[in-house]
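**Student:** Single-letter residue listing:
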Amino acid sequence: MTKMITEKPITLIGGYLGAGKTTFINRLLNSGGLPSRTAVLVNDFGDINVDEQLIRSGSKSDQVIGLANGCVCCSIADDLTSALEVLKSSAIERVLLECSGVAEPHRARVQCHYPGYYPHASVVLVDALNHQQRCKDKYVGTLVAAQVQQADLIVISKSALNPDFCLQTLQPTIDADDQDAMEVVLGWGSDANHGHSIPTNLAPSFFTQTWQSRLPVSLADLTQRLEDLPGSVQRVKGLVATDAGIIEVQRVGTDTQLTPWTQPPHTAQLGLVIIASAADDLASIDWAS
Amino acid sequence: MLTLYKARSVITMNESMPRATAVLVRDGMIVEVGEPEHMEPWLRHQEYVVEDQFVEKVICPGFIDPHLHPSMAAVLLPMEFITAMRWKLPWGEVEPVTDAEGFDRRMGALSTKKSVDEPLFIWGYHQLWHGPMSRARIEDIAGDKPTVVWHRSFHELYMNAAAMDMVGVVAAEIKPGMQIDIERGWFFEGGLGYAINRLNPWILAPDKYAAGLQRLKQVVHHGGHTTIGDLATGMFNFSAEAEALSQHLEGDDVPFRTRLVAHGTVLTKGGVPPQQGPELAEALLQRNSHRLHFGRHIKLFSDGAFFSQLAQLQEPGYIDGHHGEWLTTPEILEQHIRSYWHAGYQIHVHVTGDLGLQLTLDILQKMQEEKPRFNHGFTLEHFGFSTPEQIRQIQALGAQVSANVYYLHELSDSYTQNGIGYERASQMARLGSCFRAGINTTVHSDFTMAPAEPLNSMWVAVNRINHVGDVMGATEAITPQQALQAITLNAAHVIGMADITGSIRAGKRADFTVLDEDPLTCDPLDLRNINIYATVFEGKVFPLA
Ligand SMILES: [Zn+2]
Ligand SMILES: [Zn+2]
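These protein sequences, in sequence, are chains G and F.
Okay, so the first sequence: first residue is 1 according to my numbering, each after it adds one.
Okay, so the second sequence: first residue is 290 according to my numbering, each after it adds one.
Among the clues, some could well be false.
FRET-style restraints, in silico, Cβ to Cβ [what the hints assert, rightly or not]: (1) F:631 x G:162: 30 to 40 Å; (2) G:245 x F:611: 36 to 46 Å; (3) F:407 x G:278: 55 to 65 Å; (4) G:162 x F:611: 27 to 37 Å; (5) F:631 x G:133: 20 to 30 Å.
Rather than coming from a laboratory, the hints here were simulated on the basis of the structure.
Ideal Cβ placement from N, Cα and C applies to all residues, glycine included.
In isolation and in its complexed conformation, chain F is listed as follows (with noise of 0.2 Å):
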C-alpha cells in the first residue's frame, strides 16, 4: 500500500530538487518525492492512498535534535519549573518569571496545588532575576510542605524544614565551613552532594525516573523532532538506562529514533585502559533495537561546564582572573581519542572555550598526522567559545561542529557583565563563519541545558538575539536556510544517519514534521512561534494538538 503526501509545499533539504508539493511513502520509505503527475508510474500497478491532511501545510524534514540527554531530562522533567525564560512544554507552557514576587506567586499556586503530602520540586530558580531564595522565604509561601528549590544550573538548591526532615538532612552534623548554611537551607558546591545524596531515593526513584522518560517522549515529539542523538549514554549507569531506555523510547507508539553515544569515560570506569574502549564499545551494538542504536560513535570531554564559567579560555580569559577546569586530563584525553581514532570511530568530543578546543584540535592533528582519515566525522560538541583562526583549522581537519546556539540567547548579556566582555560575548556559538568555511553545522540543545525545540534553537542561529533583546554579533547569523540544514539534513551527518533520514529524497525513510508556516518566507522572528502541525515517523502520523 502506498501513501500519497499532498502539502502546500514541500522543503526537501535536497538540494537538486529543493521544493515540491508531494511525497509518495510505501511501507515508511519515501519512493518519490515530487508533483503528483510524476507520480503516475507507481500509482499505475498499486493501491494507495491520499493523505491530503496537510494540503495547506508545508512538510518539511523530520526535526534533528542530535545532542540531548533523556536520562538527566528524566530526572528533571517531573520537576515543576519556575524560570525566567520560557520553556514550552508538552503539559503548558512555562511563562517567564522575572522578578522576586512572580516567583513566590508562582511557587504558592503550585504548592497549593499539591496534596499535603506531595513533596514539591522546583527547578529554574536563579538569584539574578528571582532575588535571595532561603528557607525563612520558601517556609513564608510553602510553610510545612517539602519543598526543594533547585537552582537553575543545577549546582545549588534550598530546602524548607520540612523537606529537609523527609530526606534526613541532620542538623546537628552540618558544621561551618562545608558549603551548607543551615539557617537558609542552602547547600552548594561540596554540601550539595550532601543533598542530593539524599535526595536522590525521591529524583531517581523508578517510578518518578519511569515518568519522566514518559514526559521525555512527549517534550521530543513535541518539539517536532523524529531523531535524537544522547550524547552520554550511561552516565548514570549503562545496563539501567539502557533497560529504561528500550522500555520507554522503544515501540509503535514511539515517534522518534534515538542514536545513542555512549559516555566514553564511563565505559571505561574502573581503570579499564583506553585501548580496550572500542571493544566495550563495539560490545554495545548487540543492544541495538529498531529505535534505539548505538553506532561506532563515541562521546569524550575537553573542559568545564559553560553554564558554570568554567570553559578553559585562553587569554585574556575571564574578567575575574579565574580559570576553567579540564574535565579530563589532556594526556588522557589523547589516549582515548587516539584509540577510537584508530579503531576507525565517529569521536564527538565536549568543548566549551576555546582553550578546551584548541586542545582537541591540537590532538586531531595529530591524529591525522598518524593515521590520516577522511570523511571521519570528528564532531566539536557545544562550542561556545572560539576564535576565527580555529574556524580554519576546523576546515582544514574535516571535523564538524554541533553547537548549543541557546548559550547566545541566555548568558550573552551576563557574560559581557560578568564573564569574558562584549567582545567574546557577542561572538559565542560563531555559526556563521562554519557555514562560509563549508563545516558541516549543526545546533543542538544539550536539554536540559536549553529548550528541546529545534524551531527555537533557529530562531536563535538566525537572529542572534540575547534575552534582553540585544542582536549579538549579527555577522554571525545564519540564514533561515542554513539553519533548517542545521536541524535536518546536517544534523542527521553528525549523528551518522544522513543515509536515513535528514532530507526528504526517494530512498530516505518517511520522517516529517508539518508546519502551519513555512520557515523560509515567514518572518525570521516568528520562526519560534511556528506551530507545528504533526510529526509523520517512518510513515506513521503522529498529530499534535
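Bound conformation, chain G alone (with noise of 0.2 Å):
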C-alpha cells in the first residue's frame, strides 16, 4: 500500500483533558525538533504559546491554526474543513492535529481521510496521575478508556507524581519525559508495519510488534532472548510468564529491568510490545519456538 508522496500524513494527538496534551504541543513547538513545514492545528488558541518565535524562523510555513469545538447542529461551518482546504495547497508536508478532549480517536480519524491527507498515527495521552480515576467516571470512564484503546501510541505523562502507574495495555507505551519522546511521536506510524514512512529527513519511522507466548518461558531464556536483540530495538515493555513468575519487562535502549509481578496474576496482560526503529530488525526477532 504506497502512498502518493503529496499527500501529508496527520498524526492526532489525543487524550482527555488534563492529559498533558497542551504541555506536550507546547514542548514540540519550542524543542526545535518540529519538522519544517508542519502545521500545527489545536484544539483552541486557549494556552497555546503562539508567538513569533515559535513559528520559527527558515521555514515560514509552519502554521498553528486554532480550531473551534465542531459544530453543533451540522457540519456547515467546520473548521477542520476549512484549514485543511487553506493548508492543501500550501507548503505544509505534515499535520499535527489536536483532538478536543472529548474526541474519540476512531471518529477523528475518519476527518483525516480529507483528500490530500491520510491519518498517519492516532497517539492518545495519559495522564498517570488520574486516569485510573478518570475511568470510574460516569459521566466519561467510558470515553476515557476508549481513547486509550483506540490509540496508535500511548504516551503517559506525569509519571513523576506516580511511579508507580502501569497501564495494563498492550499498545506501545512510551513515557512523556523519555529524551525522544518527541521524536517516536513524530515518527509513529499506524501502517508502520506496512513498511510505509512519512517523507522527512529530520524524524526517523519506528515499527512496533508484538509477543506473546502461550507458555511459560524461563527466566534465563527470556533475558538472553532481550539480550541478543538487535541495536534498532528502542523499547520493550510488557509482562511474561516464566519459570519464576510473572515478570514485567521494561526496557529503554540497552537499559533492561526485569521486575516480578506482584499483583494478582489475572490482572495481567500477557505479552511484550517491541518498538524498533528499523521494520527489517523487526521481522528477524524469531521469538517463536
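From these two lone chains plus the hints, build me the complex, please.
**Tutor:** So this is what it looks like as C-alpha cells:
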C-alpha cells in the first residue's frame, strides 16, 4: 500500500482534558525538534503559546491554526475542513492535529481521510495521576477507556507524580518525559508494518511488534533473548509468564529492568511490545520457538 | 387612538380571567381585557375604533417558539423539500412522500420546473422510506441538471456528475477509505466536509442566505408566532449573522420579535477563558433593537445530536452498544456554567440524553451549593430522554424545561426498533410528569429539526401519536390547556419575556394569534389542522391567507 508522496500525513494528538496535550504540544513547538513545514492544528488557542518565535524562522510555512469545537447541529461551518482546505495547496508537509478532549480517536481519524491527507497515527496521552480515577467516572469513564483502546501509541504524562502507574495494555507505550518522546511521536506510523514511512529527513520512523507466548518461558531464556535484540530496538515493555512467575519487562535503549509482578495474576495482560526504528530488524526477531 | 378587538372568545392564559370577548389596545399595548361594557371608562374620553374582523374568531396570546435557528433555516429554506413527514410551508404544503417511486416522481417534477442551469437542491431524503440513493438514480431522473440530494439528518448527501462538476469535486483526489463513494456520488461523515466546502459558495451565497431569511420570516408568521428565540446566535459567525438578522428581521413589516441567545462556545472561541464569557455576552446587548434582543441569556451544550443517536445515555444505553458523544468536555461545561451562574445569567443547556441531563443537573446542584439563586431560569433544552427521578431533581433545583416534543412523533417508532427499545422510546419528552411536578415547561421546534408550527407541537404533546399512528406513553400526554400554556406563557418565561408577552392582560404587548377554531374545545386530533386567520404583533394586524 504505497501512498502518493503528495498526501500529507496527519498525526492525531488525543487524550482527555488534563492529560497533558497542551504541555506536550508546547514542548514540541519549543523544542526546535519540530520538522519544518509542519502545521499544528490546536483545538482552541487557549493555552498554546503562539508567538512569532515559535513559528520558527527559516520555515515560514509552519503554521498554528486554532479550531473551534465541532459545530453542533450540522457541519456547514466546520473549522477543521476549512483548515485542511487551506493547507492543502500550501508547502506544508505534515499536520499535527490536537483533538478535543472528548473526541474518540476512531471518529477523529475519519476526518483525516480528507483528500490530500491520510491519518498517520493516533497518539493518545494518558495522565498517570488521574487516569485510573477517571476511568471510573460515570460521565467520561467509557470515553477515556475508549481513547486508550483506539490509540496507536500511548504517551504517559505526569509519571513522576505517580511512579507506580502502569497501564494494563499491550499497545506501544512511551513516557512523555523520555528524551526521545518527541521523535517517537513524530515518527510513529499506525501503518508502519506495511513499510510506510513519512516523508521527512528529520524524524526517524518507528515500528512495533507484539510477542505473546502461550507457554511459560524460563527466566534465563527470556534474559538471553532480550540481550540478543538488535540495536535498533528502542523499547520493550510488557509482562511475561516465566518459570519464576510473572515478570514485568521494561527496556529503554539498552537498560533492561525485570521486576516480579506482585499483583494478582489475573490482572496481568501477558505479552511484550517491541519498538524498533528499523522494520527489517523487527522482522528478523524470531521468538516463535 | 384606542382599538377595540372583539372576538368570539379570547383565551387569555391569565388564570385570574381565563376567558373574555374583547381586548382594548393603545399604541400596541393592552389596556384592558374583558367584556366590552367594562371598557366604557376608557372609551368615554378617548377616540377609538372597533376592529371587528375577528368577531367569529378565537384570539389566543401570540404563539412563541422559544428555540429555533434562523441561520440554519436560512440555509435550508431555499432548498426543495421531499420528506417522509408533512411540512406545512407558506409557499405550499409538502405532502409526505413515503416511498421510492414517490420520491423519484417528485424529483422529476422539480427538475423540469427549474431552468436548465439552475442547480436543484433537495432536502429530506431518508433511506428508510425512499430506498437507496445513488448518482445513477439521480441521473435517471434529473439527467445532467446539477442535483444535490441532502439527507434528512443533514449528515450525508448525494450528487450527480453534473453537480460534482459544478462544485469542483475532483474524482482523482478521492481514494478508498475516505467516506466518499464517488461511484454512488455519496458523501458522508468525513467526506461530507469535503462536499460542503465546495457547496458553500452556493448554499451560503449572500443572496441565497438573504432569500432564506426572507422565507424564514414567512415561515415564522405562517406558524402563528409573534415571538421566537434564536437559541444559538453566532453559530456561523457573529457579526455576519447579526448584520443579516437586523437587515431582515427588523422593521415594520416583521410580525415578530426575536430573543437572541448567544452560542456560548463560539463566543469564547480562540482560547478566551470561560470567566470572560459574561463580559463578551454583555457587549452584545449594544446591538439590541426593537425586535432583536440579546438578554442576559447564554446557550451551552452538553451531549450529542438526538437525530444522530449521539445523545449520552445512562445504562442500559443503546441496543447496539454504541455510545453517545459529549459536545463539551464535562469539566469545561462546568467552568462555563459557573462563570455565567455567578454573573447572574439565565443559562440554557442543550441536553438530549439522560446522562447528558444528569451531568447538567449535577453541575446545577453544585452551583446552587456555591451560590444559591432563586428564579434563575436555568433551562434544559431539547430534553429527549429523562428518568422520573430526574424530574424531581429538576423541580427541586428550580430549573425549567424546553422540549423538542417532535422527537416523539418522528423518532419514537424507529428508536423502538433500532435504538433504545419500546419502554424508553415511548417516554421521550416526559412532559406530563413535568407539569405534574409544577416545572415551567415549554415545547419548541428547533427548526429546522422539526416544523415551526406551534399547533403541530401542541398536537404531538396532547396526543403523543408517532408517525405510524401509535400512541406512545399516554400518561405523559398533556392537556390542551397545558399545551397552549406551553406555547405561550411558559415559553415567554423561558426566554425571559413574560413581562411583555405570553398572555393577554392589561399592560402586556398586544401580541395575538387569531384562530378559526377554539384549540381548548376542539377535537384534540384536529389541533394541527386549525386554520390560523391572522397574527397581531404589538397591535398591528398581519393577515394570513
Ligand atoms: Zn441543540
Ligand atoms: Zn437547537
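**Student:** So, for every hint listed, does it hold in this structure?
**Tutor:** Verification of the supplied hints:
1. The given range of 30 to 40 Å is respected by residue 631 of chain F and residue 162 of chain G, whose C-beta atoms sit roughly 33 Å from each other.
2. Residue 245 of chain G and residue 611 of chain F have their C-beta atoms about 40 Å apart, which keeps the hinted 36 to 46 Å range intact.
3. For residue 407 of chain F and residue 278 of chain G, the Cβ-Cβ distance of about 60 Å falls inside the hinted range of 55 to 65 Å, so the restraint holds.
4. Checking the proposed 27 to 37 Å range against residue 162 of chain G and residue 611 of chain F shows it holds: the Cβ atoms sit about 32 Å from each other.
5. Restraint check, residue 631 of chain F to residue 133 of chain G: a C-beta distance of roughly 27 Å satisfies the suggested window 20 to 30 Å.
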